[in-house]
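Participant: Build the full structure now, drawing on both the sequences and the hints.
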Amino acid sequence: MIDAQGVRVELAGRTVLEDVRLVVAPGELVGLIGPNGAGKTTLLRAVLGLLPVSAGRITVGGRGPRQAMGTVGYVPQRHEFAWDYPISVEKAVRSALAHRRFTASHRAVAEEALSQVDMLALRGRPIGELSGGQRQRVLVARALALRPRVLLLDEPFTGLDTPTQQALTDLLTKLRREDVAVLMTTHDLPAARQVCTRLCLLNRTVIADGPPDELTDPQVWLKAFGVPI
Amino acid sequence: MIDFLMEPWQHAFMQRALLMCLASGVVCGIVGTHVVLRGMAFIGDAVAHAVFPGVAIAFALHLNLALGGAVAGVATAVLIAVLSQNRRLKEDAVIGVFFAAAFALGIVVLSATPGYGGSLESFLFGQILGISDQDVRTVLVAGTALLAATAFLHRRLVAVALDRETARAAGHHLFALDIALYTMVTLAIVVSLQAVGNILVLALLITPAAAARLLTDRLGLMMLLAPAIAAFSAVSGLYLSYAYNLAAGGLIVLVVTVIFLLCWVFAPKHGLVRRLAMRARHV
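Here the protein sequences line up with chains A and B, keeping their order. End of the first sequence = 936 in my numbering, gap-free, step of one. End of the second sequence = 552 in my numbering, gap-free, step of one.
One should not assume that every hint holds.
To be verified - On the chain B side, residues computed to face chain A include the following (Cβ under 7 Å):
1) Lys359
2) Glu360
3) Thr413
4) Ala417
5) Ala420
6) Val427
7) Leu431
8) Asp432
9) Arg437
10) Gly440
11) His442
12) Leu488
Stated by the list, open to error - One-sided excerpt, in silico: chain A residues whose CB lies under 8 Å from chain B:
13) Leu757
14) Val760
15) Ala805
These are calculated hints, taken from the structure and not from any lab test. Keep in mind the model is a prediction, meaning the values are calculated, not measured. We put the beta carbon where it would ideally sit given N, CA and C, even for glycine.
Facilitator: This is the structure:
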């Protein structure tokens, strides 16, 4: 579903990503691992069509990122969201569909997304009163409301307690089994090893890419995290 | 008592003023809700100042003052939106540059125009008792158009306010929506100029919405409360101005400020009293 070949991305004249090759097929859950500044979020933003690619190409479901806009589910980092906005959980989820023509089905779609993240009981609550874990689930529900075939998540596990992390793990596994292509960045290696079908070690370019059990060579980890060998 | 309260409204000039106050209050309350929630009060300030040279130039050239103000305000808003796309300069710095420059331009233009004194004063402080039927019609039409635009863009404005990046990824045109919102702010300000004047118009835009935000965590309710507070303040200020022969614009702003302070102290969930009570319970 996501196919990136030889991708280079430049930000303000600086090359952030170089010759990145990454394929995420339906039913795969790929974890993007790398140190701060490795270009993980930049890669997500390029897949979303928010950043231009200066070499190589990216396709999402066979289309260019800009053509695929509005069909890819995106879960941003929690601090990117205006939690002080006076709006209920349900309306916040429905607002994720604001770029589509309004139909009565939006209500049902939002409810379905909320029940997938087990937040239906709190649908009337103002978003400002939610805990960190509940906020993460609202962001996931907003992405799921698009009924995406491709789901991108930026640091979804950061700052979650164990039960919430487990619930998110279960949900991502369930989506993967429904043939959604999932790509997430994370710093949480134990969680990534548990949930991901593949890990992609990124530091400006792809250092290693494979199932968690096969990435046992310490050299590639040292290389990805820039530790002098 | 009823007669005493109703007496002022028998005059035609007070009826016109009443309509003007209601229209300004409703429009500013609704548009102000977006301004307060986006944290762009400073843009309202910039646009209010930017309207001034437009009015001055229109006055010097004997053109429609409101139209002149609207053109200058929108032009400044677009300029701010374009220049703040450059991330090296923060929006507030760009705004700081432009609103002072705009006001300076207005002063220079007016100083070159003979016979500006009276108009300047009514422009700066409002002229609610000296408006014509034509003024009222213009404001009602502009206000209705503005409310229609707000309703039309509502869902998109909410999506962008919640999370710009995700909204952009969903395909929303952020730049166009920013310009639309800035234009709406400009029009709300131009519509309200005659009620409260250029200097105080920001209060009608920001204060009712800020008070409403303290009262509720629901956007829909906030968008009812803010225009209600604004319209109530405008009409009460107008009434007090008639009763005590004091400046209407100033009284309107003082009334809305008192309401804001009352909300700040007594609001059910976010008020000072409630917060102190919560803290006392936790100690």
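Participant: Now tell me if each hint is right for this structure.
Facilitator: Status of each hint after checking the structure:
no.: 1; hint: Lys359; result: violated (16 Å)
no.: 2; hint: Glu360; result: violated (16 Å)
no.: 3; hint: Thr413; result: violated (22 Å)
no.: 4; hint: Ala417; result: violated (16 Å)
no.: 5; hint: Ala420; result: violated (12 Å)
no.: 6; hint: Val427; result: holds (5 Å)
no.: 7; hint: Leu431; result: holds (5 Å)
no.: 8; hint: Asp432; result: holds (5 Å)
no.: 9; hint: Arg437; result: holds (6 Å)
no.: 10; hint: Gly440; result: holds (4 Å)
no.: 11; hint: His442; result: violated (10 Å)
no.: 12; hint: Leu488; result: holds (5 Å)
no.: 13; hint: Leu757; result: holds (6 Å)
no.: 14; hint: Val760; result: violated (15 Å)
no.: 15; hint: Ala805; result: holds (4 Å)
Of the numbered hints given earlier, the model fails hints 1, 2, 3, 4, 5, 11, 14; all others are met.
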